[in-house]
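Top line first, the protein sequences correspond to chains A and B.
Here the first sequence stands for residues 267 to 333, where the numbers follow my numbering.
Here the second sequence stands for residues 515 to 770, where the numbers follow my numbering.
By construction, these hints were calculated from the structure, which means they are not laboratory data.
One should not assume that every hint holds.
Claimed, not checked - For lysine to aspartate or glutamate, the following EDC-like pairs were computed, each having C-alpha atoms within a straight-line distance of at most 20 Å:
(1) B:Lys-567 / A:Glu-311
(2) B:Lys-567 / A:Asp-290
(3) B:Lys-578 / B:Asp-525
(4) B:Lys-567 / A:Asp-281
Stated by the list, open to error - Restraint-style ranges between C-beta atoms, simulated for each label pair:
(5) A:Ser-317 / B:Glu-688: 53 to 59 Å
(6) B:Ile-685 / A:Asn-304: 40 to 46 Å
(7) A:Pro-295 / B:Gly-660: 41 to 47 Å
(8) B:Gln-618 / A:Arg-305: 21 to 27 Å
(9) A:Pro-276 / B:Thr-620: 31 to 37 Å
Source: prediction; values computed, not measured.
Glycine included, each C-beta is placed from N, C-alpha and C at the ideal position.
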Amino acid sequence: MISVVLNGEPRRIEDEVTLDRMLDLFSLPRQRVAIELNRSVVRREDWPATSLGDGDVIEVIHFVGGG
Amino acid sequence: MSDPFVLAGKDFSSRLIIGTGKYRSFDEMKAAHAASGAAMVTVAVNRVPLDRKTESFLDHVDPKMQILPNTAGCYDADHAIRTARLAREALETDWIKLEVIGDQTTLLPDNEQTLEAAKVLVNEGFLVLPYFTDDLIMARKLLDAGCPAVMPLAAPIGSGMGVQNPSNLRIMREQLPDATIIVDAGVGVPSDAAIAMELGSDGILMNTAIAEAQDPEQMAAAMKLAVEAGRLGYLAGRMPKRLYASASSPIQGAIK
Numbered sequence: 267m268i269s270v271v272l273n274g275e276p277r278r279i280e281d282e283v284t285l286d287r288m289l290d291l292f293s294l295p296r297q298r299v300a301i302e303l304n305r306s307v308v309r310r311e312d313w314p315a316t317s318l319g320d321g322d323v324i325e326v327i328h329f330v331g332g333g
Numbered sequence: 515m516s517d518p519f520v521l522a523g524k525d526f527s528s529r530l531i532i533g534t535g536k537y538r539s540f541d542e543m544k545a546a547h548a549a550s551g552a553a554m555v556t557v558a559v560n561r562v563p564l565d566r567k568t569e570s571f572l573d574h575v576d577p578k579m580q581i582l583p584n585t586a587g588c589y590d591a592d593h594a595i596r597t598a599r600l601a602r603e604a605l606e607t608d609w610i611k612l613e614v615i616g617d618q619t620t621l622l623p624d625n626e627q628t629l630e631a632a633k634v635l636v637n638e639g640f641l642v643l644p645y646f647t648d649d650l651i652m653a654r655k656l657l658d659a660g661c662p663a664v665m666p667l668a669a670p671i672g673s674g675m676g677v678q679n680p681s682n683l684r685i686m687r688e689q690l691p692d693a694t695i696i697v698d699a700g701v702g703v704p705s706d707a708a709i710a711m712e713l714g715s716d717g718i719l720m721n722t723a724i725a726e727a728q729d730p731e732q733m734a735a736a737m738k739l740a741v742e743a744g745r746l747g748y749l750a751g752r753m754p755k756r757l758y759a760s761a762s763s764p765i766q767g768a769i770k
């Protein structure tokens, strides 16, 4: 198991989980979202090949009402 | 009369840009959007909540509208740059409303950080529409950095105070005749929007004035008319102000 911080919350997940798999694990949407890993955007096509490591900080964003 | 509103090479059918925040319901927002005639709407970037299904907010926005993601809630250039990059990746759009806030109470912009972020984002190919204090010199710097338009505030965000410094907007218009100037934030009522347009602004961006109205749909319709009226008034050219009266009816020939 590894520790990561996902959207500001500490989480424990199994080793070798990819960003693609992570979305399913946490019931996150796939359309019109973006992922940042350790402050760099990871392109959608790279989600399946990007594995998470211990201490990684992930942000998954979508859109809400704003001005 | 043809009076196209072209922004970064794209034609927009309305000079009114509106927000998507603070509405009491999606239905209310959709009705207001339709009534406003706006062709571009702002949205905010936010963390997806974990462990629960979320409704897609964007499903409630007319797909014909240009989406303008913002960097609201960012307090330094780095944060705003990261937010802009995420927005571009998610929406596949280069448009970004750049907003770097300097203070939580006033939500006034940090112009220095805004300029820094604008330079980086323009270099990365973004179409940067920066929110900033109504200052001519900063406007020049933002335009020099490659922003296709500048967005000076009328008053603090969500204050509804109207145009607080009309002379600043006039000076900006006169000194930057070729720049696209969009007044962003602070409008409260339709007359505020009309005044901003009469001063020569090319467009207006507003959210709270419509969303927090008792009847947002009706207010959106009123804002549409106000923006159009103000624009026409500006193009028509106002009469000179005089301290004393000038009779409209002939004095000579009046019966004695």
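Each hint, compared with the structure:
For the suggested pair Lys-567 of chain B and Glu-311 of chain A, the alpha carbons sit about 23 Å apart, so the restraint of at most 20 Å is broken. For the hint linking Lys-567 of chain B to Asp-290 of chain A, the alpha-carbon distance of about 11 Å falls within 20 Å, and the restraint holds. Among the hinted pairs, Lys-578 of chain B with Asp-525 of chain B is consistent with the structure: their alpha-carbon atoms are about 13 Å apart, no more than 20 Å. Taking the CA atoms of Lys-567 of chain B and Asp-281 of chain A, the gap is about 25 Å. The hint is violated against a cut of 20 Å.
At roughly 58 Å, the beta carbons of Ser-317 of chain A and Glu-688 of chain B sit within the given window of 53 to 59 Å. Checked against the given bound of 40 to 46 Å, the beta carbons of Ile-685 of chain B and Asn-304 of chain A, roughly 45 Å apart, stay inside it. The hint said 41 to 47 Å for the Cβ distance between Pro-295 of chain A and Gly-660 of chain B, and at roughly 34 Å that hint is violated. The hint said 21 to 27 Å for the Cβ distance between Gln-618 of chain B and Arg-305 of chain A, and at roughly 23 Å that hint holds.
Between Pro-276 of chain A and Thr-620 of chain B the CB atoms are about 34 Å apart, so this pair conforms to the stated range of 31 to 37 Å.
When the structure is compared with the earlier hints, violations turn up for hints 1, 4 and 7 and for no others.
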